[in-house]
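Enquirer: Sequence lines, in order, name chains A and B.
Here the first sequence is numbered in the numbering used here, starting from 1 and rising by one per residue.
Here the second sequence is numbered in the numbering used here, starting from 226 and rising by one per residue.
Treat the hints as calculated values from the structure; they're not laboratory data.
The beta carbon of each residue, even a glycine, is placed where N, CA and C say it ideally should be.
Treat the hints with care, as some may be off.
Which residues of chain B face chain A? A few of them, derived with a C-beta cut under 10 Å, are [stated by the list, open to error]:
id: 1; residue: Lys272
id: 2; residue: Lys274
id: 3; residue: Ala311
id: 4; residue: Ser398
id: 5; residue: Ala416
id: 6; residue: Tyr433
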Amino acid sequence: MDLELMINSFPKLLSAAVITLKLLSVSLIIGLLIGLFFAILRLNKNIFINKFAYGYSYVFRGTPLLVQIFIIYFGLGQIEYLRSTVLWVILKEPYWCAIIAFALNTGAYTSEILRSAFQTIKPGLIEAGKSLGISNKIIFYKIQIPIAIRQSLPAYGNEIILMMKGTSLASTVTLMDLTGVAKYIISTTFKPVEVFIVAGGIYLFMTFIIHNVIKYLEKKYSFSQ
Amino acid sequence: MELLAFGDTGWGDELFYATLMTIAVALTAMLIGFFFALIFTPLKLSKNKFLNFIANSYTTIIRGVPELLVIYLFFFGGTGAVMYVASIFGYNEYIEINAFITGAFAIGIISGAYSTEVFRGAIQSIDKGQFEAANVLGLNKFGKFFKIILPQTLRLAIPNLSNVWQITLKDTSLISVTGLVEIMRQSYIAAGSTRDPLFFYSFAAVLYLLLTFVSMKLINRLEVKYSRGY
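Looking at chain A on its own, in the form it has when it is part of the complex (with noise of 0.2 Å):
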């Protein structure tokens, strides 16, 4: 055990970490829209804007993060027309190409939670709103979402941690994030086992916190049935 060099890369990695979080925060954010989104499109009988759907979610949760990271960021420079459009200036930077790959994958699992809270919603509680004399739009705002919110807070908060371990990829397209950090170090100073347990307690750390936070929430929310 060289404990010099995890006292020396803490503060490495621990401001590796900052870049994680970043990443993490920015894409779930973006990914919570981009989910709500499809959720409710997949609830529409329209059967193509389902299939539609449906086929985004699919093909998301299907292929590896690592491959849709690697389409945005390699594939996408190779179209011309992208190269003189205002969309270039976002594609060109390896940071917002690891945010739209991250924030596209968890739209897709994002949306499956939320269609699946959406749809065990009881129909007593909507009719009731029906009965109360509340229009449709205000149904959805005020009686849906929140209960639908609450519902899928568990499936979420672990959508959170994957997302958190997800961000992990973005050093492979060169962003120097916690693992990216962590790996140059390893491989500068070749003892992987040090370095893995104090990035690892990072992460972990991170991940206890996500955890006691919807725990939190979730207690704050919960209501009797």
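Starting from the known structure of chain A, fit chain B onto it as the hints suggest.
Expert: Quick look at chain B alone, frame taken from chain A:
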């Protein structure tokens, strides 16, 4: 399409073998995972606090740390660890472990943590009466486990194990960082030499989709088989 031709002019045969490699790694990793689950599930269910602690540490650490980090640990640390063990037995030559074993082992340990949780959940949800009935029938430990508990566990575990299989299959793409030529690595090579990354990575995505699709169909059949009578 000529990019996918078999033979020297295209990448069809290379990608075909790479797909077989992905399947081989995923199956090996899944089996290694079952082996780990076989060890750690009893520890999780045991009443001994210390054994519980060991099993919980295993599943918590593996499920809380990114797969890529675990793979780096094995990739950079595997050779060292094996050489250290060998040196205890007096063997001091350089030992190189091949990428397949390192990769399958790393993914296997990850897959094992998920399988352990699945088996634990399945065994815990079996009705207590089933254990008691087995005792009343006078079955020995062996018969009790294989005739009564295991078939019911499998029925409950298969849907979740199919999720573990999906995760394992997708995780194999990460082994490409160690240089093992599976779908991802082969696409990387092909994309580099043809300067057509969009096509090859999209094709890789299609291959993965095909693998998940076919394996889901096969697993559904198993599910039907094990839920006879329900």
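Enquirer: Compare the structure with each hint and give your call.
Expert: Hint check:
no.	hint	verdict
1	Lys272	25 Å, violated
2	Lys274	21 Å, violated
3	Ala311	17 Å, violated
4	Ser398	4 Å, holds
5	Ala416	7 Å, holds
6	Tyr433	5 Å, holds
When the structure is compared with the earlier hints, violations turn up for hints 1, 2, 3 and for no others.
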